[in-house]
Structure formats: structure tokens, C-alpha cells
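Colleague: Sequence:
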Amino acid sequence: MEKESPFRKTALAITRWIGSPESLFVHTVLFALGFIAVLFHIIAFEIMLLVLTTLVSLEAIYLSIFIQMSINFTTASIAEVEHDIDEIQEDVGEIQEDVEELQEDVEEMSEEDAAEEQEEEKQQRTLAQIQIDLKKLIDDISKLQQK
Numbered sequence: 061m062e063k064e065s066p067f068r069k070t071a072l073a074i075t076r077w078i079g080s081p082e083s084l085f086v087h088t089v090l091f092a093l094g095f096i097a098v099l100f101h102i103i104a105f106e107i108m109l110l111v112l113t114t115l116v117s118l119e120a121i122y123l124s125i126f127i128q129m130s131i132n133f134t135t136a137s138i139a140e141v142e143h144d145i146d147e148i149q150e151d152v153g154e155i156q157e158d159v160e161e162l163q164e165d166v167e168e169m170s171e172e173d174a175a176e177e178q179e180e181e182k183q184q185r186t187l188a189q190i191q192i193d194l195k196k197l198i199d200d201i202s203k204l205q206q207k
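Just so we're aligned, residue 61 is where the sequence shown starts under our numbering, counting upward by one.
There's no promise every hint is true.
Stated by the list, open to error - Okay, derived cross-link-like pairs now, PhoX-like style, lysine-lysine, Cα gap no bigger than 25 Å in a straight line:
id, residue 1, residue 2
1, 182, 195
2, 195, 207
3, 182, 196
4, 207, 196
Worth flagging that the hints you see were computed from the coordinates, not collected in a lab.
Source: prediction; values computed, not measured.
With the hints as constraints, model all of the structure from the sequences given.
Modeller: Have a look at this one:
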């Protein structure tokens with residue numbers, strides 16, 4: 061895979077952080093501090109609501125952009141993986157064809173070996189029969205010569 065750009069790393073890091081318990085804690089503390097500031101009359105309630113509403117709106121806009129970027133990066137990564145899987149499946153198919161061809165070759169060689177063995181056995185039997193016949197002929201000739 062290609063090297064991740066700093067922008068991509070940042071978008072993924074922000075998305076990961078927003079989905080963490082730490083982010084929930086930080087946001088809760090910030091909202092609580094806003095209401096505590098109102099209770100101690102540090103800022104007016106309307107100003108606190110205006111600031112919090114503005115911050116929450118801006119945060120939501122930016123977070124939706126970062127989340128969509130993360131989704132786009134993930135989708136691109138998934139597309140690359142799917143492409144790699146397709147290539148691997150093609151390679152596996154080719155290997156399977158090669159294995160089948162090798163199996164056929166082995167079967168042919170086994171059949172040829174079996175046929176050669178049968179032919180050799182037949183030749184051995186024929187040779188043995190010829191030897192028996194030759195021995196009988198020699199015996200017959202010997203008998204004829206003795207008469």
C-alpha cells in the first residue's frame with residue numbers, strides 16, 4: 061500500500077479520537093464548565109448558550125467532514141483489497157488448472173507404466189514358453205539321435 065499522507069493520518073486520528081471514551085470525557089467536562097461558569101456568574105447564560113451552540117455546530121460540521129473523509133479512505137482501501145482478492149482468485153484458478161494438468165500427466169504416465177509392465181510380463185511368459193518348447197525340441201532331437 062502507498063504511504064499515508066499527513067492529512068489522511070490527521071483525519072483518521074481525529075475520527076478515532078472522537079469515538080473514544082476520552083473524547084466523551086473532555087466534551088462532558090467542557091459542557092459542565094460552561095454551566096458552572098453561569099452558576100458562578102462568570103458569564104451570562106445567553107452568552108454561554110451562544111458560545112456552546114456555535115462551538116457544537118462548528119464541531120459537528122468539521123467532524124462530519126472528517127468522518128466522511130475517513131469513510132472515503134476506508135472505501136478506497138476496501139477497493140484495493142477487493143482488487144487484490146480478485147487477482148489472487150485468478151492466480152488460484154490458474155494454479156488449479158496447472159494441478160489438474162499435472163494430475164492428468166501423472167495418470168497417463170501411470171497408465172503407460174502399467175501397460176509397459178503388462179507387455180514385459182507377456183514377453184517374459186513368451187520367452188519362458190519358447191525356452192520350454194526349445195528344451196522339448198532338444199530332448200526330442202536327442203531321442204531321435206539315439207534311435
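Colleague: Work down the list of hints and note, for each, if the structure agrees.
Modeller: Here's how the hints hold up against the structure:
Between residue 182 and residue 195, the direct Cα distance comes to roughly 20 Å. Compliance with the 25 Å bound is thereby established for this hinted pair. Taking the CA atoms of residue 195 and residue 207, the gap is about 19 Å. The hint holds against a cut of 25 Å. Pair hint residue 182 plus residue 196 holds up; C-alpha atoms about 21 Å apart against a cutoff of 25 Å. The hinted pair formed by residue 207 and residue 196 meets the criterion: a straight-line CA distance of about 17 Å does not exceed 25 Å.
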